[in-house]
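**Student:** Sequence:
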Amino acid sequence: MTEMIATRQAYGEALVELGEQNKDIVVLDADLSKSTTTAKFGKKFPERFFNMGVAEANMMNTAAGLAACGKVAFVSSFSIFATGRAWEQIRNTVCYSGLNVKIVATHSGVSVGPDGASHQCIEDLSLMQVIPTMTVIEPCDAIETKKAVTAATRYQGPLYIRLGRAAVPVITRREDPFVIGKANILRTGRDVAIIACGALVANALTAAEVLSKDGIEATVVNMHTIKPLDKETLLQVVKQVNAVVTAEQHVLDCGLGSIVASVLSRNYPVPIEMIGIDNRFGQSGEPDILFKEYHLLPEDIIRAAKKAVGRKKQ
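Quick note: the sequence shown uses my numbering, first residue 170, plus one each step.
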């Protein structure tokens, strides 16, 4: 049976492990440390943990100041608050100054569930990737989350990591490589490429197995780094299959699908279908019900893949 672990859980564990190794790591949270799991770091290293209260803008500026003094500053809150309330501070104080601040936001996407639309941030990838100098990552599972957080400590400059609330399948292995800006090919096929990120990677793999039974072989790419996008791998894969499906738990506008389409339109235009949230807000409900409502399930990816392959043959 596939192990299920929330990426936010892995984040808290990674912080504690890294805090043992690097005394320059500091962690800031906006009164949500139990939910973001940064409380684990706070309990282990109280002198390097700062609960800033419900003051996200101030938290970003404080993190910028600590980074300017040589610290590796990790900043956490729910993604709607981290990227929405504090966008100006992220742009002007963190990114414009090129400071070494790592924004790790949890409770992203509709998988937040019963908390509803106000807390289901489905716009954060677009908000972050549009800022110059910002690097944007969405790990697909707990193992990859730990790798992303570890890589973030070594990466110099502003960085955003998008995590979720709900447990997701563990689909990667500890020995699998993780390099910021380098996609991982999880499965190869001749007919269509499924480019996915975050929780949709597991659904993409499930969809690929079903498609194989129908005679359609899909390549599945884990595009964990949204910015900078791995254009080299993307183009290499697409030139082999000539049809693409993108899959993300985010609005279609300015998310992974839009970025992939932009690259392909300028370099190698092919039929492309996009799985994502189409110009709607979230709503209260259990994650599995919401995934069905917003067409984020494996069967939705299967339909999109068949449509893309059909368009290729026209």
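None of these hints come from the bench; they were simulated from the model. It should be emphasised that the depicted structure is a prediction, and the values quoted were computed from it without experimental measurement. All residues carry an ideal CB built from backbone N, CA and C; glycine is no exception. Watch out, some of these pointers could steer you wrong.
Label-pair ranges, simulated between beta-carbon atoms [said to hold, decoys possible]:
no., residue 1, residue 2, range
1, A224, S381, 47 to 55 Å
2, E172, F450, 30 to 38 Å
3, G384, I458, 15 to 23 Å
4, G285, R342, 31 to 39 Å
5, K192, R449, 43 to 51 Å
6, M173, Q452, 33 to 41 Å
7, P397, K192, 24 to 32 Å
8, M170, N227, 20 to 28 Å
9, D457, K192, 40 to 48 Å
10, E257, T171, 25 to 33 Å
11, E189, N436, 40 to 48 Å
12, R435, K213, 43 to 51 Å
**Student:** Now look at each hint and say whether the structure bears it out.
**Tutor:** These are the hints, each one checked on the structure:
1. Separation of A224 from S381 is about 51 Å and conforms to the stated range, judged on CB atoms against 47 to 55 Å.
2. Between E172 and F450 the beta carbons are some 32 Å apart, a value that agrees with the proposed interval 30 to 38 Å.
3. In this structure, G384 and I458 break the distance hint of 15 to 23 Å, their C-beta atoms being roughly 31 Å apart.
4. The hinted range of 31 to 39 Å is satisfied by G285 and R342, whose Cβ atoms lie roughly 35 Å apart.
5. About 45 Å separates the C-beta atoms of K192 and R449, a value consistent with the hinted range of 43 to 51 Å.
6. For the hinted restraint 33 to 41 Å between M173 and Q452, the CB-CB distance of approximately 24 Å leaves it violated.
7. A C-beta distance of roughly 30 Å is found between P397 and K192, which places it inside the suggested range of 24 to 32 Å.
8. Between M170 and N227 the Cβ separation comes to about 44 Å, which falls outside the hinted range of 20 to 28 Å.
9. Restraint check, D457 to K192: a C-beta distance of roughly 42 Å satisfies the suggested window 40 to 48 Å.
10. The hint said 25 to 33 Å for the Cβ distance between E257 and T171, and at roughly 41 Å that hint is violated.
11. As the Cβ distance of E189 to N436 is approximately 44 Å, the hint placing it in 40 to 48 Å holds.
12. Under the hint 43 to 51 Å, the C-beta atoms of R435 and K213, about 47 Å apart, fit the expected range.
The structure fails hints 3, 6, 8, 10 (numbered hints given earlier, in ascending order).
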